[in-house]
Amino acid sequence: MRSLLILLPLAGLILLNLPGGLLAGLALPAVAALAIFEIVLAVYLPTAAFPALEQVQQLLHLSTPLDSLARVLLLSIGIVMLASLLVLHATVKAQRRRFNVANVLLISLMGMNGVVLVHDLFSLYVFLEVTSVASFVLIASSGEDTGLEGAFKYLVLSAVATVLMLSGVAMMFLFAGSTDFSAVAAALQNNSGQLLLKIAIGTFGCGLLIKGGLVPFHGWLPDAYQSAPAAISVLLAGVVTKVSGIYALFRLGISVVGLQTFSPVLLAVGALSMVVGALLALRQNSLKRLLAYSSVSQVGYIVLGLGCAGMGGPAGKLGLAAAIFHLFNHTIFKTLLFVNSAALEQRTGTSDMSVMGGLGSRMPITSTSSAIAALSIAGIPPLSGFWSKLLLIIALWQAGLYAYASLAVFVSVLTLAYMLTVQRRVFFGKCREDLLSAREASGGIVLVEAALALVIIGVGVLMPYVMNSFLLPLKGGF
Amino acid sequence: MNNPNWPIFAIFGLGVVLTLGVGFYCVMVTRNLIRALIGLEVLTKAVTLLLVLCGYVAGRMALAQTLAITLIVVEVAVMVVAVSLFLGIFRRTGSIRSTDIQNLKG
Amino acid sequence: MNALDVVLVAALVVSATMTVMTARLLRAVIGLAITSAILTMIMFRLAAPIAGVFELSVCAGLIPAIFISAIGLTRRLAAEELPARQQERLRRFWPLPVLLVLAIIVLTQWPLPIGLPDSQGPEPVTDLSTLLWNARPADLLAQVALLLGGAFAVVMLVKNVGREHE
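Protein chains in written order, with this note's numbering: chain A, 30 to 507; chain B, 732 to 837; chain C, 4 to 169.
Please keep in mind that the hints were generated in silico from the structure rather than gathered at the bench.
Some hints here could point you the wrong way.
[Stated by the list, open to error] Between beta-carbon pairs, the in silico distance windows are:
(1) I117(C) with T290(A): 49 to 57 Å
(2) P343(A) with R828(B): 51 to 59 Å
(3) M759(B) with V157(C): 23 to 31 Å
(4) R94(C) with L224(A): 45 to 53 Å
(5) I117(C) with L491(A): 50 to 58 Å
(6) P343(A) with A50(C): 36 to 44 Å
(7) M21(C) with M759(B): 17 to 25 Å
(8) V104(C) with P343(A): 35 to 43 Å
[Stated by the list, open to error] Restricting the straight-line Cα-Cα distance to at most 20 Å, the calculated cross-link-like pairs of lysine to any residue (SDA-like) are:
(9) K227(A) with P114(C)
(10) K459(A) with M382(A)
(11) K227(A) with W113(C)
(12) K227(A) with W737(B)
(13) K346(A) with S390(A)
(14) K227(A) with G118(C)
(15) K227(A) with T290(A)
(16) K227(A) with A6(C)
(17) K227(A) with G287(A)
(18) K227(A) with L119(C)
(19) K227(A) with I117(C)
(20) K227(A) with L105(C)
Ideal Cβ placement from N, Cα and C applies to all residues, glycine included.
Isolated chain A (complex conformation) (with noise of 0.2 Å):
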């Protein structure tokens, strides 16, 4: 079932792009077919698969079962994926230009599919250039001058990633003959104490660093989002980013690495990324700036949880669970955010705060999601937030590192500065002259808001049967 992930999307660019614009316009809604089929498959996971099916699934070499950190990606890249394009669908009207994103959006979707579902380096590098390459084309889609700057730093600075990513590979490869996950684990264990090792895992996760926007390699991200339509800039924030670091992180390190090595290090990462984003968080006057920035601090709470679970133990396992669970959390929140700025801009033009204000008379049911939204990734219960950081907190209090869990606590007030800032300088007070015209968003924008603030009030809420189904069996599954 899973390499339809991989092929339907390929198909689905070839079928689109028939001489003779016979399926073109099916464009978008072949792109949200398959992800809404992307979301089901991750929920319910059918085990039975046809014969022909299972043939291609030998072909593709992808019939180790999937754990749940692939299973919560997928939801993730389905989820954001449908975001972005109902989000796409309203602020883009040009039928060319539709066409030609929904087809970059096939590749952005297959290519992300692929990172998550190898279990090859290589391959794992191949499919992470096919992200980028789909980012590339999409962050510079607007035609605009900076959202074609935007795009060239973000390429630079990822095909230096890039770069020290293979140089990795290619000395895990060196001693492992092969560039599979198991082959390269095994050569780790049995060669622990060589130098060439030791820079290769180095190299390679200052790679995945880059790629992931963490300090001290952020320069590109929030250029990167600011510069991006907004169709597009929910899809960065939400998947993209995640799926090229953070989640080859996580891969390698419980795949490949092992977590204790570079346990000191994934803490001292995640706390400078925690602290750096969200100071300078207070300081932007741009709406998308701000939300990229609050990225940076976001992902360095994932980080610092995978760090945590390096220190091994049940304060370990609560880590990684933690980091995973906050992985969602932040997907789902801050898409919201980024869908709330989309619909700001479609309404007012612009993302500069300094000129907005009052608009929560004008525009409710942005102004709710967004303080739901808000008030989430601020840790307020009982939204899905709390929980996700609460769980990392006591995971750090329980492994001893009591420094980094205060420094958690301390990171989250200054998040609810920013995020309060926000909604006071955007939503609060009385309507401003120029705004009085402004309406509510359009329909499909409404729709993506009102359903990811239900899913984190929902989340949030029925915590006990998430813990349950959700994070109990992540807890065990390593």
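Based on the hints, put chains B and C in the right spot on chain A.
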């Protein structure tokens, strides 16, 4: 250091490290967009050499060649996108120096 | 290792440095092609002939062609600006050869504890074509997607951007 391939690894390894240095320096220091892309190309060459070298020492030449070929194809795709972006930037701003296109600040 | 290897590596590094430091962009692109040719020779020496042929045709042929056509579409630098730009560039790039020489001295004199793995046994699949088409099909599909991505990049970014600046 007893492996008979050590001298080969050493000399070509040194070459890889130096070429990586040249590439990184170029990408960091240049203000010209095309020169940045050339620096990226040099970096890719260094990594291709590293891949083939590691394959040689590990005795896995067929796999190493496969990986190198895939790498070259990926590099072409990325370069095509990079040059497209460059042409787009040039047509809109009339400049190929990164100092003239610093519209994104903050 | 013999003298040929040393010569090849030296040529590679020197041509890479000159590619990066040269004043004119066209010369830099030609330097890139030459560097690729030297890399091809190294690949032949390291028993990777097929990869070498790929490298030669793509990186010493296709990519320089793409660069040259892109450079050809940009306007020539105004004559007055040229010397100033050249000096500025040289000022930023001159540390490079110095750093390289330092690196050579440091790396050759200082013994790094680098170990190599023992022999791993014969290669399971030695046929390149089997590996390329059968053993790594996911990579193949990814390459198709990448090339399509490149095509879309050209369609979306180059064709549609009007000649506003001209």
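Run through the hints listed earlier and report the numbers of any the structure violates, in increasing order.
1, 4, 6, 8, 13, 16 and 20
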